[in-house]
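With the hints as extra help, turn the sequences into a complete structure.
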Amino acid sequence: MTQYIIRRLLYSLPLLMGVNILTFVLFFVVNSPDDMARMQLGQKHVTGQSIANWKQQHGYDMPLLWNSDREGTKKVTDTIFYQKSVGLFLFRFGVSDSGRNIGADIKERAWPSLAVALPTLLIGLLVNICFALMMVLFRNSYLEHGGIVLCVILMSISSLFYIIGGQFFIGKVLRLVPISGYDDGLAALKFLILPVLIGVFSGIGSGVRWYRTLFLEEVEKDYVRTARAKGLSETQTLFQHVLPNAMIPILTGVVVVLPLLFMGSLIMESFFSIPGLGNYTIDAINMQDFAIVRAMVFLGSVLYVIGLLLTDISYTLVDPRVRLS
Amino acid sequence: MVVLWTDALIYLLIAVILALGLYLRGKEHIQRPLQQIGRSKIGMVSLVVLLFFVLIGLLDSVHFKPADDKKNEIISLLDDWATPLREHGEKTYSAPFATTLYSKEMMTMADGSMQWGYPRLEFGGKHLNNPETEKIPDILQKTAYGLVQGLGLTGAFMLLWYLVRQTHFERLNFIVRPELVAQGQVVPEARHGEQFNPSAKAVWVVLFIIVPLATALIHLSAYYHVFGTDKVGEDVFYQAVKSIRTGLVIGTLTTLIMLPMAIIFGILAGFFRGWVDDVIQYIYTTLNSIPSVLLIAASILMVQVYMANHEAAFTSVIVRADMRLLFLCMILGVTSWTGLCRLLRAETLKLREMEYVQAAQALGVKQGTILVRHILPNVMHIVLISVVLDFSSLVLAEAVLSYINIGVDPTSYSWGNMINGARLEMAREPIVWWSLSAAFVFMFALVLAANLFADVVQNAFDPRRSGNE
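Those sequence lines, one after another, are chains Y and S. Taken in order, the first sequence gives residues 1 to 325; the numbers are from my numbering. Taken in order, the second sequence gives residues 326 to 794; the numbers are from my numbering.
Think of the hints as simulated: they come from the structure by calculation, not from any bench.
Keeping only pairs whose Cα atoms sit at most 30 Å apart, straight-line, the calculated BS3-like set for lysine-lysine is:
#1 Lys429(S) with Lys172(Y)
#2 Lys429(S) with Lys460(S)
#3 Lys172(Y) with Lys416(S)
#4 Lys675(S) with Lys221(Y)
#5 Lys416(S) with Lys429(S)
#6 Lys416(S) with Lys451(S)
#7 Lys55(Y) with Lys107(Y)
#8 Lys467(S) with Lys526(S)
#9 Lys467(S) with Lys429(S)
#10 Lys190(Y) with Lys107(Y)
#11 Lys172(Y) with Lys556(S)
#12 Lys556(S) with Lys429(S)
One side only, chain S facing chain Y, incomplete, derived with CB under 7 Å:
#13 Pro616
#14 Ala622
#15 Asn634
#16 Leu721
#17 Ala724
Each residue gets a CB set at the ideal place from its N, CA and C atoms; glycine is no exception.
Okay, structure coming up:
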């Protein structure tokens with residue numbers, strides 16, 4: 001087991017290197033730091049001097065890969081690639097273009113993100129499974145057909161509609177909770193209700209449909225027929241036999257997104273002005289702060305790789321047939 | 326005529342679809358699922374709605390420079406037909422069917438005095454002398470006129486259709502099977518199937534709803550702003566209709582761009598295994614591990630920088646917006662091909678162990694031929710299903726991306742831009758709801774139709790689900 005995990009971790013290194021090189025090419029080779037400086041300083045009337053100043057200020061005044069002016073190891077280390085990209089592997093995110101420490105910002109902002117994303121995921125999972133089970137229990141009835149139609153309709157509505165509609169009706173017309181904002185500690189609760197509610201609701205359509213197909217696949221298997229033949233009632237077979245087996249794909253699907261919860265949801269956080277990482281990313285995109293975007297890309301892929309690893313491990317935990325080798 | 330990049334790709338897409346249709350015509354294994362789709366009421370109804378959208382999108386994809394115009398702008402056929410809508414701009418917001426502006430302002434009366442009130446709109450309902458009393462009867466009358474027009478149009482079309490079919494069928498039966506006609510065996514059944522086909526009936530019902538609705542809207546929009554006007558006074562109905570093309574382009578061209586990559590890589594990885602498989606798996610896991618929104622954001626930022634540095638290449642606003650739309654499709658394609666690639670790889674891994682592939686190998690058929698003749702046709706159903714399934718999610722994604730400012734160009738029409746522009750106005754009192762609602766309703770109609778159609782296609786083409794309708 002430990003051996004397997006170590007091997008998987010080693011395997012993820014080339015993956016992260018690939019991500020790193022890809023972002024490096026995207027950010028520094030396709031467009032040179034000069035272009036970035038010009039973009040930041042405004043397009044028109046930019047002198048060469050101000051570009052040079054900007055580059056020096058932000059540490060972009062080096063060659064990309066090989067610095068032939070320096071001596072010894074400095075030939076490699078005094079380059080943009082080493083300074084800006086390799087540092088990410090040690091989680092040294094550096095300083096954003098506006099001068100703030102990215103690492104500290106990320107640490108601080110990960111918790112509000114998690115506070116929205118985790119309840120949304122858990123409640124959503126519970127609600128989706130309940131509805132899906134109900135539809136499977138009453139299969140081939142009007143209830144199920146109605147449920148399917150409802151799911152397709154819910155799926156076809158833009159998530160922006162749920163957010164704007166929810167903010168408008170619950171926040172503005174009914175005045176039950178604040179429309180947006182955030183607070184520290186328990187006071188945050190009243191700000192979290194609406195985003196979580198909307199997050200759960202906007203996921204119902206596709207979630208229920210997906211879980212229903214998983215359950216239906218399981219319901220037709222032989223062991224379920226045996227259970228029914230044994231004389232178990234439909235609810236008993238559903239809860240004691242179908243649910244635990246169908247939980248395998250569901251759980252592993254959830255585990256893969258668990259680490260990514262830290263990244264937060266982009267639109268949710270921006271609509272509800274929750275100071276999480278999603279909001280941070282959007283601000284960075286809008287301000288065209290490339291240093292933050294680069295850091296977030298790397299962080300996201302690290303979390304994804306961790307998610308993959310966790311999935312593999314969770315397979316062995318919930319499904320005894322799977323052995324890691 | 327001016328052919329923009331996305332236009333060219335749309336024409337290419339249509340050519341590909343037509344060629345595929347011709348090639349597959351009369352192939353038995355394609356007939357069965359197609360017939361199943363044809364029998365499905367929901368499938369046919371959603372197809373009609375989709376085709377309606379596609380028709381509008383196609384009209385909007387034929388661009389030209391008007392001969393008499395000095396402004397050097399590029400317009401489409403749809404723009405040309407909707408010239409009154411395009412040019413009847415007001416000053417600022419006005420509600421649907423309003424005759425006055427949304428906000429009060431100082432206005433100069435006929436006698437030179439100043440007054441604080443709602444000024445009349447320049448174009449919306451300007452034919453009315455006394456809006457308070459005349460407006461509602463006028464709207465009702467114009468709606469009725471439009472509806473009757475549409476009903477008449479559809480009715481005439483239906484009559485024509487059945488006349489053609491009728492004569493066609495009689496001739497066919499008479500020539501091909503005179504003895505059966507004489508015996509009276511086959512004909513009644515064929516007729517019966519033709520005339521009382523439930524999905525055909527549903528299609529006619531939908532046509533009788535859509536066409537009159539469309540004509541009524543068109544007729545009304547000449548006199549009123551049916552969905553109101555937006556901040557700069559532009560007609561919202563026009564914006565929503567123009568956005569159809571953007572949605573369709575993103576939904577279809579993205580798939581068109583990513584399809585070759587996904588198919589080739591997926592099949593190669595599954596068929597050759599070994600290091601080819603390793604490399605391809607490495608590529609798609611790497612791409613997959615980057616959160617897609619961030620990858621899109623990073624790429625779009627780069628495109629923006631590139632465009633800002635090469636301003637000379639993008640002379641006209643529409644060319645610029647079109648280029649950005651194309652880039653967006655490409656980037657979305659790059660981020661979305663991995664899922665399909667993985668599916669195809671798994672299916673190919675399974676197929677290559679099948680007896681018929683092994684038989685072909687044993688008979689010494691070249692590997693390239695095996696790939697093209699035996700593997701490719703047998704994974705096409707996965708491709709088809711994922712294409713229709715992706716369409717609706719791409720249309721929805723466009724709105725979200727536009728909201729984060731990494732979607733289509735802010736100057737081009739799209740539902741995402743409409744929502745983005747209108748959402749801040751929700752705080753106004755009374756609220757400006759029409760822009761948002763129009764965008765959501767149009768988007769919902771397209772996505773719902775696409776989702777329903779995708780379901781039917783999946784049912785028909787997925788071998789695991791074949792048989793159940």
